[in-house]
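S.K.: Working from the sequences, and respecting the hints, build out all of it.
As given, the protein sequences belong to chains A and B, one line each in that order.
With my numbering as the guide, the letters of the first sequence map in order to residues 1 to 119.
With my numbering as the guide, the letters of the second sequence map in order to residues 120 to 238.
Keep in mind the hints are simulated off the structure, nothing from the lab.
Ideal placement from N, C-alpha and C gives every residue a C-beta, glycine not left out.
Just so you know, not all the hints are guaranteed correct.
[Claimed, not checked] Between beta-carbon pairs, the in silico distance windows are:
#: 1; chain 1: A; residue 1: 62; chain 2: B; residue 2: 231; range: 35 to 41 Å
#: 2; chain 1: B; residue 1: 139; chain 2: A; residue 2: 64; range: 33 to 39 Å
#: 3; chain 1: B; residue 1: 167; chain 2: A; residue 2: 48; range: 38 to 44 Å
#: 4; chain 1: A; residue 1: 87; chain 2: B; residue 2: 183; range: 51 to 57 Å
[As the list claims (entries may be wrong)] Quick list of in silico lysine to aspartate or glutamate cross-link-like pairs, EDC-like style, CA-CA up to 20 Å:
#: 5; chain 1: A; residue 1: 44; chain 2: B; residue 2: 146
#: 6; chain 1: B; residue 1: 163; chain 2: B; residue 2: 217
#: 7; chain 1: B; residue 1: 163; chain 2: A; residue 2: 27
[As the list claims (entries may be wrong)] Sample of chain A residues facing chain B (criterion: CB under 10 Å; computed from the structure):
#: 8; residue: 26
#: 9; residue: 28
#: 10; residue: 33
#: 11; residue: 34
#: 12; residue: 39
#: 13; residue: 97
#: 14; residue: 103
#: 15; residue: 104
#: 16; residue: 108
#: 17; residue: 113
#: 18; residue: 114
#: 19; residue: 116
#: 20; residue: 119
Number of protein chains: 2
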Amino acid sequence: MTIEVLPEPAGLPDPLPEPAVGELRLETVLSALSDPLRLRIVRKLLLESEDFDHTCGWFGLDRPKSSLTHHFRALREAGVTRQRQYGLERRSHVRVADLNARFPGLLDLVAAWTPADGD
Amino acid sequence: MTIEVLPEPAGLPDPLPEPAVGELRLETVLSALSDPLRLRIVRKLLLESEDFDHTCGWFGLDRPKSSLTHHFRALREAGVTRQRQYGLERRSHVRVADLNARFPGLLDLVAAWTPADGD
DNA sequence: CATGCAGTACGATCGGAGTCGTACAAGAAG
DNA sequence: CTTCTTGTACGACTCCGATCGTACTGCATG
Numbered sequence: 001m002t003i004e005v006l007p008e009p010a011g012l013p014d015p016l017p018e019p020a021v022g023e024l025r026l027e028t029v030l031s032a033l034s035d036p037l038r039l040r041i042v043r044k045l046l047l048e049s050e051d052f053d054h055t056c057g058w059f060g061l062d063r064p065k066s067s068l069t070h071h072f073r074a075l076r077e078a079g080v081t082r083q084r085q086y087g088l089e090r091r092s093h094v095r096v097a098d099l100n101a102r103f104p105g106l107l108d109l110v111a112a113w114t115p116a117d118g119d
Numbered sequence: 120m121t122i123e124v125l126p127e128p129a130g131l132p133d134p135l136p137e138p139a140v141g142e143l144r145l146e147t148v149l150s151a152l153s154d155p156l157r158l159r160i161v162r163k164l165l166l167e168s169e170d171f172d173h174t175c176g177w178f179g180l181d182r183p184k185s186s187l188t189h190h191f192r193a194l195r196e197a198g199v200t201r202q203r204q205y206g207l208e209r210r211s212h213v214r215v216a217d218l219n220a221r222f223p224g225l226l227d228l229v230a231a232w233t234p235a236d237g238d
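M.R.: This is how it looks when you write it as structure tokens:
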């Protein structure tokens, strides 16, 4: 155990590359959210995350790892989630404040969403 | 001129096939709205339609007719717009009440949207 | 160092969506 | 009837995204 440099006030690692708040585009965000699996990811984060970041494994998604990488990157690059590297884990949370500022009401729709059978 | 059967109280033609309110799916609607051209169509209808139905031509979109057919059908089949046949014209309007009932706040986001340069 | 684990990178495949040209259908108007 | 107009139908092309297997990187732990 070594003493670590603290890159942020709370000692968090830097976020992975993501669009700034002003760069968020509605069409890009809607496209990211138009996939049922990603909708499920975001909804679970909104309803059950309890303000923690979570790894891919936490979601219990029955997909190969390479598929999950694809979807989590899609969400991050659209600006829906933020990802940080904690050791060998990459944890995600929804950018609630940013999204509510730019697209008020959108996350409420996601939280209220119910998956179709099979999703 | 023959005496016509009136299919609706106001004497409007029947709507073209579309999903019922209860069949509207968030992921389908978001997918339909994730295209900049369709976002432009819906936004223009919301801001400038003055409660009238409008033909493809009214939008002044610089695309071939077959492309417009494609996008207007995508909007209708997702449940975003309703289309009726008036003679040889096919006019569209946004299903405001249905969408507000199922996805409150969504149309506000579309109305507030601003196209990127080039859209 | 050796092993195990989280996740990425790369590349292949596949299907679906956007784009459009052309031909066609149907109502409107002369 | 002939012509014009609005829009569809069909098909081709292209591109992107979803899916996944395999190989790899990087950290952690014994």
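S.K.: Which constraints among the numbered hints does this structure fail? Numbers only, ascending.
M.R.: Of the numbered hints given earlier, the structure breaks just one, which is hint 13.
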